[in-house]
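Asker: Next come the chains, spelled out residue by residue.
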Amino acid sequence: MTHSTANRTRGPVTGSPTTGNGHDPKLEIRGVTKNFVTRAGEVDALASCDLALEQGEFLTIVGPSGCGKSTLMMVAAGLDEASSGSILVDGEPAGGPGPQRSVVFQRFALFPSRTVADNICFGMQQARVPKPEQAERLEEQLTLMGLGKFRDSYPHELSGGMQQRVAIARSLVLRPEILLMDEPFGALDAQTRLLLQEELVRLRQVHRFTVLFITHSVEEAVYLADRVAVMTRRPGAIKTVIDVPGDAEWRSSDIETAMGHPEFTQLRQRVWKLVKEEIVAS
Amino acid sequence: MATTDVKAPRRASEAGPALDVRTRARNHAIASIGSVLLVWLLVTSVFGLLDPETLPSPLDVARAIATLAVDPFSGSTLFGHVASSVQRWGLGVLAAVLIGVPTGALLAWIPPVRAAVTPVFELLRYIPPFAWIPLAVLWFGAGLTAQSAVVFVAAFPPMVINAQLGVAQVDPLLDKAARALGASSATTLARVVFPVATPSALAGVRIGLSNGWMALIGAELVVGSEGLGFVISQAQSNGETEVIVAGMVCIGVLGMLFDLALQKLSARALRWHA
Ligand SMILES: Nc1ncnc2c1ncn2[C@@H]1O[C@H](COP(=O)(O)OP(=O)(O)OP(=O)(O)O)[C@@H](O)[C@H]1O
Ligand SMILES: [Mg+2]
Numbered sequence: 001m002t003h004s005t006a007n008r009t010r011g012p013v014t015g016s017p018t019t020g021n022g023h024d025p026k027l028e029i030r031g032v033t034k035n036f037v038t039r040a041g042e043v044d045a046l047a048s049c050d051l052a053l054e055q056g057e058f059l060t061i062v063g064p065s066g067c068g069k070s071t072l073m074m075v076a077a078g079l080d081e082a083s084s085g086s087i088l089v090d091g092e093p094a095g096g097p098g099p100q101r102s103v104v105f106q107r108f109a110l111f112p113s114r115t116v117a118d119n120i121c122f123g124m125q126q127a128r129v130p131k132p133e134q135a136e137r138l139e140e141q142l143t144l145m146g147l148g149k150f151r152d153s154y155p156h157e158l159s160g161g162m163q164q165r166v167a168i169a170r171s172l173v174l175r176p177e178i179l180l181m182d183e184p185f186g187a188l189d190a191q192t193r194l195l196l197q198e199e200l201v202r203l204r205q206v207h208r209f210t211v212l213f214i215t216h217s218v219e220e221a222v223y224l225a226d227r228v229a230v231m232t233r234r235p236g237a238i239k240t241v242i243d244v245p246g247d248a249e250w251r252s253s254d255i256e257t258a259m260g261h262p263e264f265t266q267l268r269q270r271v272w273k274l275v276k277e278e279i280v281a282s
Numbered sequence: 001m002a003t004t005d006v007k008a009p010r011r012a013s014e015a016g017p018a019l020d021v022r023t024r025a026r027n028h029a030i031a032s033i034g035s036v037l038l039v040w041l042l043v044t045s046v047f048g049l050l051d052p053e054t055l056p057s058p059l060d061v062a063r064a065i066a067t068l069a070v071d072p073f074s075g076s077t078l079f080g081h082v083a084s085s086v087q088r089w090g091l092g093v094l095a096a097v098l099i100g101v102p103t104g105a106l107l108a109w110i111p112p113v114r115a116a117v118t119p120v121f122e123l124l125r126y127i128p129p130f131a132w133i134p135l136a137v138l139w140f141g142a143g144l145t146a147q148s149a150v151v152f153v154a155a156f157p158p159m160v161i162n163a164q165l166g167v168a169q170v171d172p173l174l175d176k177a178a179r180a181l182g183a184s185s186a187t188t189l190a191r192v193v194f195p196v197a198t199p200s201a202l203a204g205v206r207i208g209l210s211n212g213w214m215a216l217i218g219a220e221l222v223v224g225s226e227g228l229g230f231v232i233s234q235a236q237s238n239g240e241t242e243v244i245v246a247g248m249v250c251i252g253v254l255g256m257l258f259d260l261a262l263q264k265l266s267a268r269a270l271r272w273h274a
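Protein chains in written order, with full-length UniProt numbering: chain A, 1 to 282; chain B, 1 to 274.
By construction, these hints were calculated from the structure, which means they are not laboratory data. Just so you know, not all the hints are guaranteed correct.
[To be verified] Derived, one-sided and incomplete: chain B residues facing chain A with beta-carbon distance under 10 Å:
id, residue
1, E122
2, R125
3, Q169
4, A178
5, R179
6, G182
7, R191
[Claimed, not checked] Computed list of lysine to any residue pairs in SDA-like fashion (alpha-carbon distance at most 25 Å, straight line):
id, chain 1, residue 1, chain 2, residue 2
8, B, K176, A, S70
9, B, K176, A, Q125
10, B, K176, A, T240
11, A, K149, A, L194
12, A, K131, A, P112
13, B, K176, A, G161
14, B, K176, A, K239
15, B, K176, A, E198
16, B, K176, B, L189
17, B, K176, A, T115
18, A, K131, B, T187
19, B, K176, B, L106
20, B, K176, A, S84
21, B, K264, B, K176
22, A, K149, A, D90
23, A, K239, A, D80
24, B, K176, A, K273
25, A, K149, B, A269
26, A, K149, A, Q125
27, B, K176, A, L194
28, B, K176, A, E183
29, B, K176, A, R151
30, A, K273, A, A52
31, B, K264, A, P112
32, B, K176, A, G186
33, A, K131, A, T143
34, B, K264, A, T115
Just so you know, even glycine gets a beta-carbon here, dropped at the ideal spot from N, CA and C.
Bound conformation, chain A alone (with noise of 0.2 Å):
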């Protein structure tokens, strides 16, 4: 992989398929609560959401430290049940999870007792894709994960970059419509995160999927996102959403480079300070 990036174009990818009255958000979560019941008592982790991606958008969400962000995420992913609202999928109820909402765990959810390559391949054997497509599709994970001679290492052999990175592969190697990534690259040096935030950047090109990203890094959200979705402190709900303008000129440059730009330092520091507000606040 190369670090040019002059190309890239950004924004939503307009044009979607229309219904009624407009066309329908790829992904929207609706209202959504969640609150857990626990032996201590009852435990508000998310007041009301609302967010809606278009088709090809890249939505990046940041928040205080247990404010929600994961249990929003597994929402999202059909995988826990929200108290009250609904996710909607191109206009319809998600229901159950499934392949096209994939899913990258901020616990990496590796298979212990599958090594690499079968850990790659599980999505693709339950969707039954055919085992030369499979063995293709494998090789271009590894290659780009970096992860070729691990191929039959098991996960408790892997340092947690490595693991972290065929969490990413796993989710990846099913071509989702919709990406839904919780700290994807928080346990990798800041060289690999460096790395496959350029490559993500690129496959979302390539693939045109629908990105929620979580993380903690205001430069990552920022530099990743076409908008950006700030949350409260628990129980978590959106506090605003910022647009980052598609055409900014540090859009062209790695995200270091971008770092260094006034436009990008503005914007970091304007969902920096939403963000500590609520850190203060609690």
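Fit chain B with the ligands to the known structure of chain A by using the hints.
Answerer: For chain B with the ligands alone, coordinates are given in the frame of chain A:
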């Protein structure tokens, strides 16, 4: 993409030091068993501290084993008795594995079933296997079936409990990951949950196997006319101490061999396990 270039790890089982560890463990085993035999030899044959009626020397015991191997004792040779013990044990533990492990998995997977079954099971668990002997004999007669039933009763609880624990301890996130990747409930259970639960289930099988073996020998002491337990109880009536000890040695060695075999098998099945 050129990410960081790192060497693939060597699996510990293939690495040099692991072999050393294994050889050393074997040497330790040989040394400790050897010392016990030596002390035994010293207190019996060499210094004559114990008379043969109290404790026969290892040489007498070896001779007794050799004789038992060719001359029938109470109906059959040593091999006959071993075969009948192993058969009863095998049937009992096989039934316990086939019924116990799936039952445990089911109990963990389906909470209402667990809620219904667990109290009954907890109660039955405190009735020792030997307490089932009279009933087993009344039901099945003093033969193969009764003995195997006692083995089953002894082997079943640890197999159920450990299989249940194994499944219950699987991280629910793995189940979620599997479903997010498009797996059905059955596939998730078979291909994600069971493999992860296997170490615990195997530990239960291992306990079950040894419990079953002990219960069998106990049952053979009390009822029946074959088997290693029967041999030592007959030898007691005849006052043949060396045959008693010979029987005990066979019981111990066989039990240990079964356990070793299972450990070998599980090590192969659990290559992924840290
Ligand atoms: N299964 C659960 N049972 C009970 N409470 C839960 C559960 N999952 C999450 N919570 C609670 O909900 C709140 C939100 O948790 P969540 O994991 O969504 O936070 P987060 O924003 O992802 O945090 P972080 O940034 O640290 O990953 C927390 O207070 C947490 O304790
Ligand atoms: Mg989280």
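Asker: Would you list, in rising numerical order, the hints stated earlier that this structure does not obey?
Answerer: Of the numbered hints given earlier, those the structure breaks are 1, 2, 3, 10, 14, 15, 21, 22, 24 and 27, listed in rising order.
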